[in-house]
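2 protein chains.
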Amino acid sequence: MTTKPLPYAALHQIWTEIPAAERMQRFRSLPLAEAQAFFRELSTWHQYEIVSSLPEGEQTVWVRLLDPDDAADLVQEAPEEDKQRLLNLLDDNTRSEVQGLLKYAEDVAGGLMSPRFARLRPDLTVSEALIYLRRQALETTETVYALYVLDSEQHLLGVTSLRRLFTAPPQELITNVMRTNVVAVTEDVDQEQLSRLFAESDLIAIPVVDTENRMKGIVTIDDIVDVVEEEATEDIQKLGGSAVLGAPYLELSMGTMIKKRAGWLVILFLSELLTTNAMGYFQDEIARAAVLALFVPLVISSGGNAGSQASTIVIRAMALGEVQLRDWWRVFQREIVIGAGLGAILGVLGLARIILWQQFLPSYGQFYWLLGTTIGVSLVGIVLWGTLAGSLLPFVLRRLGLDPASASTPFVATVVDVTGLVIYFTVAKLVLRGTLL
Amino acid sequence: MTTKPLPYAALHQIWTEIPAAERMQRFRSLPLAEAQAFFRELSTWHQYEIVSSLPEGEQTVWVRLLDPDDAADLVQEAPEEDKQRLLNLLDDNTRSEVQGLLKYAEDVAGGLMSPRFARLRPDLTVSEALIYLRRQALETTETVYALYVLDSEQHLLGVTSLRRLFTAPPQELITNVMRTNVVAVTEDVDQEQLSRLFAESDLIAIPVVDTENRMKGIVTIDDIVDVVEEEATEDIQKLGGSAVLGAPYLELSMGTMIKKRAGWLVILFLSELLTTNAMGYFQDEIARAAVLALFVPLVISSGGNAGSQASTIVIRAMALGEVQLRDWWRVFQREIVIGAGLGAILGVLGLARIILWQQFLPSYGQFYWLLGTTIGVSLVGIVLWGTLAGSLLPFVLRRLGLDPASASTPFVATVVDVTGLVIYFTVAKLVLRGTLL
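Protein sequence lines, in the order shown, are assigned to chains A and B. Counted the way my numbering counts, the first sequence spans residues 1 to 437. Counted the way my numbering counts, the second sequence spans residues 438 to 874.
Keep in mind that the hints were calculated from the coordinates and are not lab data. Worth double-checking, as some hints may not be accurate.
[What the hints assert, rightly or not] In the EDC-like style, the derived pairs of lysine to aspartate or glutamate whose C-alpha atoms are separated by at most 20 Å in a straight line are:
#, chain 1, residue 1, chain 2, residue 2
1, B, Lys-697, A, Glu-322
2, A, Lys-259, A, Glu-234
3, A, Lys-260, B, Glu-759
4, A, Lys-260, A, Asp-403
Predicted model, so just to flag it, every value in this text is computed and none were measured.
The following block holds chain A by itself, in its conformation from the complex:
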């Protein structure tokens, strides 16, 4: 990548590569202004690492560098016993702002918003507003480009922009240069919905209001880029059958890593134990026709693959808002056709494998056509079943109020493994009765 980064931006990019023990030294070697810019742009996780490594006396300066929304994130990142101490480092004004933000969950509009936005009264003239903003812009507001027009009770009346004021007649009233049908969200709106709203609306900031339309803060688009990445990371990690790691890969100790990953593996293992029972149930059939056992991994994994694929696609479509809970019936109708189509393709391949193999290397005896039929028909059934299970499980989870991404690919594969065995041996018993079985 050819960029011309600030020196601290270069450091930024290799920060996770630097052994944790050397980081404080590197941080302290930056000139003050750069260290400040560097610190403000670090992820919350790394900000806390630095703050907690500093002597108590120095921590105040760094914590106070942060905007209230970022300070709130920092407090949320800290272990329970350290939260109050961090809060005490803030000045009184910011502390009460941060405490206000901490009342909200981290992943809703209220938890993401900054209370520092530029506000105007509707009865100002454009030129008065510009003079007033010139003063406000010198202080710290998150953005001066989106301007919110409020009445004396903080009700949101409209929104305008510096660009608009800039080109309006100086004596015009603000109330005449504002847009009144404003896109706004309430404090409890989920960050996933919020990021969709940003993606759809081309706005750089969205105001957050309470149920009485009193303005509480703004969420700016630069925070949303982080949110979108974080949401995708969490979904991907869940889809892979792991707990959400919550920290960069190389930063987690191996013990923590094992803890985060063992949980799901154990649950999957315990579920997969049922395959042993299923296999045990068909032990007689296996003993009589050992050849059936040869195809067990092939048949069940094909169902697992089809299921993983379907669940991944549906979960992502849900996360993007392309598919809603009420669409389950449309998805079911589609996936029944798609699953049957995919099953037919693999079924024909499975049948062909046995027929062709037998021509060159006879190993399945006189009933190879029946064996081929068993494999082919089972594949159609199992792939269809895997596709339906994989595509509908996310709906079931969401309906139960759980995260659809918990229908991880290994989880779906495991569910389909157990049922796939039952389908396979049942088909075998029907097709091979009186011949191999």
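Could you slot chain B onto chain A? The hints should help.
Leaving out everything else, chain B in the frame of chain A:
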């Protein structure tokens, strides 16, 4: 979600729910100003759907509504035979801008940038610049908030902001109120790196320059939100073992859906055929100790799960830039410990399953301890192997210049299935020699 959307924003949210046949009617029922705002904010996919449904005479108006970067996306979305016709609908000026953009791949800075940015000369005074900008702001520039200072040959000298000008003394020269160490990228920088730069830098626009530092355009953060979502969607779909769908779930015909999904399923099926050979190779052992077959799904799927988990985690860490190609050795060292830890946990569970089961429901004969040992030891080996294969495969793919996300969870599971069988039966032969085998 309680939002106060514009009427067209409400329509936006249910757009994919509306049957394709009714969409044009809904679109035409919007008042013109709203229809325009609605159209501009639609995804490229849906924009093309609308444009191509309109009579030729009307298409011009809508295509010309788009900024050059969005118009370029629209042309890129269109089928090959329709591209030139769309280009001809643009006015001459925009057409040459769009053709400039089309020279770049869609997913690099050059393909994302807009050539319409606000530019200043270094020798203007602040008040002259404000007057000049007031005129520029009335025309169409993507943003007037980031201002780029260029010399007469378009070399990028520095950057300043409306906020800064706004609060500077009117007679100050621009050259004295600009920042000179600018974060900039060249045209070939990949969108994934670009989105990381946005996430790290809190900027609302990043300038794109050629190798001689001549300014070509800007990429704005609102385009990056879409990029981040799109990149995550592509990675997730690949991870689930599917081709990238490239359109909203409910928009794809079932035939296309089967085509996009069958490819990988067939490849996986053909690879998984090797399990049949592996099983065939150990047919004698299965015939002699049929009980071994019972545990095949359990043992190989545990390896597959561990592998899927590891590959997903590593692929996401790579996409976020947390892990680089050169880190493969660190990842290997970590995953060998993590894999052994996870293997030990599942191995103990596997052993316990057989010992305990035998106490209540004797079914494994006198050698149940040896059988338990076989299962336990195999699990340690297979989980360790799955973890290593899953975590290193993404490095191999990236080293070969391929997309690491192709190491999809079903693919890793398949690779581990085949090798897992070999590990399992080899351990069985060693442990059970002279007893069951």
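Now for the hints, and whether the structure bears them out:
no.: 1; hint: B:Lys-697 <-> A:Glu-322; verdict: holds, 18 Å
no.: 2; hint: A:Lys-259 <-> A:Glu-234; verdict: holds, 17 Å
no.: 3; hint: A:Lys-260 <-> B:Glu-759; verdict: holds, 18 Å
no.: 4; hint: A:Lys-260 <-> A:Asp-403; verdict: holds, 17 Å
Of the hints listed earlier, there is not a single one the structure fails to meet.
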